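Going down the list, the sequences are from chains E and L. Numbering-wise, this note's numbering comes out as the position in the first sequence, counting from 1, plus 174. Numbering-wise, this note's numbering comes out as the position in the second sequence, counting from 1, plus 70.
Since the hints were made in silico from the structure, they are not lab data. Keep in mind the model is a prediction, meaning the values are calculated, not measured. Honestly, I wouldn't trust all of these hints.
[Said to hold, decoys possible] Covered, in the sense of this in silico footprint (three residues per stretch, anywhere, with C-beta under 8 Å from a C-beta of chain L), are these stretches of chain E:
1. 215 to 222
2. 262 to 271
[What the hints assert, rightly or not] The list that follows gives simulated cross-link-like pairs (lysine to aspartate or glutamate, EDC-like), each with its CA atoms no further than 20 Å apart:
3. E:K270 to L:D77
4. E:K270 to L:E138
5. L:K81 to L:E178
6. L:K81 to L:D94
7. E:K229 to L:E173
8. E:K211 to L:E178
9. E:K242 to E:E227
10. E:K211 to E:D191
11. E:K211 to L:E173
12. L:K81 to L:D156
13. E:K224 to L:E173
14. L:K81 to E:E214
15. E:K229 to E:E214
16. E:K270 to L:E173
17. E:K270 to L:E122
18. E:K275 to L:D156
19. E:K275 to L:E173
20. E:K275 to L:E114
21. E:K270 to L:E153
22. L:K127 to L:D156
23. E:K211 to L:E114
24. E:K233 to E:D191
Heads up, the beta-carbon is just placed ideally off N, CA and C, and yes, glycines get one too.
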Amino acid sequence: QQPVQSPQAVILREGEDAVINCSSSKALYSVHWYRQKHGEAPVFLMILLKGGEQKGHDKISASFNEKKQQSSLYLTASQLSYSGTYFCVDGGSNYKLTFGKGTLLTVNP
Amino acid sequence: DTGVSQDPRHKITKRGQNVTFRCDPISEHNRLYWYRQTLGQGPEFLTYFQNEAQLEKSRLLSDRFSAERPKGSFSTLEIQHTEQGDSAMYLCASSPGKRGTGELFFGEGSRLTVL
Numbered sequence: 175q176q177p178v179q180s181p182q183a184v185i186l187r188e189g190e191d192a193v194i195n196c197s198s199s200k201a202l203y204s205v206h207w208y209r210q211k212h213g214e215a216p217v218f219l220m221i222l223l224k225g226g227e228q229k230g231h232d233k234i235s236a237s238f239n240e241k242k243q244q245s246s247l248y249l250t251a252s253q254l255s256y257s258g259t260y261f262c263v264d265g266g267s268n269y270k271l272t273f274g275k276g277t278l279l280t281v282n283p
Numbered sequence: 071d072t073g074v075s076q077d078p079r080h081k082i083t084k085r086g087q088n089v090t091f092r093c094d095p096i097s098e099h100n101r102l103y104w105y106r107q108t109l110g111q112g113p114e115f116l117t118y119f120q121n122e123a124q125l126e127k128s129r130l131l132s133d134r135f136s137a138e139r140p141k142g143s144f145s146t147l148e149i150q151h152t153e154q155g156d157s158a159m160y161l162c163a164s165s166p167g168k169r170g171t172g173e174l175f176f177g178e179g180s181r182l183t184v185l
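Pulled out of the complex, with its shape left as it was, chain L reads as follows (with noise of 0.2 Å):
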């Protein structure tokens, strides 16, 4: 168990560009959540799966912003057209999609940086 990873760590972009971000989970959880997280905030929540199937998105998402899960694996996050705004850490974290549990496993987040 290797644990969530996440690629790239650190991101710094021009405004007006655009930035993917991949999150492979723990293998065999069927769940992926995607975050942003500012400074001296608490994550917010973005998006996640089951499986491949996108469950729910926050309506604070534009539509500037989709995320994907084929084959229900790996995710990728893109943002498009970036603005100063987006800069923030941007965690995943999968789960074994156990009710009792609920546990979240979090990678080290990609850090994304609009000039």
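Isolated chain E, as found in the complex (with noise of 0.2 Å):
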């Protein structure tokens, strides 16, 4: 079952914060968050494992709740590099990655 995103799209001023959130029905074994350049390959940004877990590098960071049913990327002081399309990933019991539909992130100078 693919997890759901919100918002679908999210327009920035350069040094805006911004928030993606990830929801699903069930229990995910793991969540994955993604980033994809216009015209490239997805990149791994970070996985999240437990719940009630938190986890970042430099302005970019995710949580998972207690009930591994919600997570949610947080992009704080946003660059121009952030641009791009950002995907929640179900990590799946079984190796098998689900990816949401995406949330297009636009920063503007």
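Two chains, two separate frames, one set of hints: put the complex together.
Here it is as structure tokens:
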């Protein structure tokens, strides 16, 4: 089952913050986050495995709620290079990774 | 480490023709995935291999699609009797198969256009 992302699109000015949400009707084994820039392949950002986990590097971080049904990706002090489509991915207990429909993030100067 | 490579990068074919895509994963990665992506959508799972074994195939895949990974190295994805609805980007990804990392390394993709 495909995880549901919101919002579908967001437009920011450089330096602003954004939150992208991901939800599932069932507990996820793990949640992954990927970013895809226009015309390029998706690139892995991070994986969260445990309920209640928070993880991040630089100004991009993510959380996974206790029930493992919701995850959020936090982008702070956005940079132009953050522009792209962000995908939440259901990690799957059987190694089958199911991508959400994506959230298009546009950062303007 | 040269990354995941896919060939061809672009393929234009006429409806009804057969096409084959090749994927060379990162060496020593034992998991290999095929995804299909259309404009504005997320990658859609097609199938995946652990070494040479095909462990799961999407129910969305018709019998016209077949994938192989002989000897657990490169993989091929063949589409027989192509239809216009098959037009998409076909992405290959590999993974070292360690549960904790979970990272998929994607190739640049093979874009198929069916006329």
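Hints versus structure:
With 5 residues having a beta carbon nearer than 8 Å to a beta carbon of chain L, the region 215 to 222 of chain E meets the requirement of three or more and the stated coverage holds. With 5 residues having a beta carbon nearer than 8 Å to a beta carbon of chain L, the region 262 to 271 of chain E meets the requirement of three or more and the stated coverage holds. Taking the CA atoms of E:K270 and L:D77, the gap is near 24 Å; set against the 20 Å cutoff, the hint is violated. With a C-alpha separation of about 17 Å, the suggested pairing of E:K270 with L:E138 holds against the 20 Å cut-off.
For the hint pairing L:K81 with L:E178, the CA-to-CA distance comes to about 14 Å; that is within 20 Å, so the pair holds. A hinted pair counts as satisfied when its Cα atoms are at most 20 Å apart, and L:K81 with L:D94 qualifies at roughly 17 Å. For the hint pairing E:K229 with L:E173, the CA-to-CA distance comes to about 15 Å; that is within 20 Å, so the pair holds. This hinted pair checks out: E:K211 and L:E178 have alpha carbons roughly 12 Å apart, not beyond 20 Å.
For the hint linking E:K242 to E:E227, the alpha-carbon distance of about 9 Å falls within 20 Å, and the restraint holds. Pair hint E:K211 plus E:D191 holds up; C-alpha atoms about 19 Å apart against a cutoff of 20 Å. Our distance criterion of 20 Å between C-alpha atoms is met by E:K211 and L:E173, whose separation comes to about 17 Å. A threshold of 20 Å between alpha carbons decides the hint, and for L:K81 with L:D156 the separation of about 12 Å falls inside it, so the pair holds.
A threshold of 20 Å between alpha carbons decides the hint, and for E:K224 with L:E173 the separation of about 16 Å falls inside it, so the pair holds. At most 20 Å may separate the alpha-carbon atoms for a hinted pair to count; L:K81 and E:E214 meet this at roughly 17 Å. Distance restraint check for E:K229 and E:E214: the Cα-Cα separation of roughly 25 Å exceeds the 20 Å cut-off, and the hinted pair is therefore not satisfied. Distance restraint check for E:K270 and L:E173: the Cα-Cα separation of roughly 12 Å lies within the 20 Å cut-off, and the hinted pair is therefore satisfied.
Pair hint E:K270 plus L:E122 holds up; C-alpha atoms about 16 Å apart against a cutoff of 20 Å. Restraint check: the Cα-Cα separation between E:K275 and L:D156 comes to about 19 Å, which is no more than 20 Å; the hinted pair holds. The suggested pairing of E:K275 with L:E173 holds, with an alpha-carbon distance near 19 Å, which does not exceed 20 Å. Using a Cα cut-off of 20 Å, the hinted pair E:K275 and L:E114 holds, with the two alpha carbons roughly 9 Å apart.
Under the criterion of a C-alpha separation no larger than 20 Å, the hint pairing E:K270 with L:E153 is inconsistent with the structure, at around 26 Å. As the CA atoms of L:K127 and L:D156 are separated by approximately 17 Å, the hinted pair is consistent with the 20 Å bound. The hinted pair formed by E:K211 and L:E114 meets the criterion: a straight-line CA distance of about 17 Å does not exceed 20 Å. About 10 Å separates the Cα atoms of E:K233 and E:D191, which keeps this hinted pair within 20 Å; it holds.
Violated hints for the displayed structure, listed by number in ascending order: 3, 15, 21.
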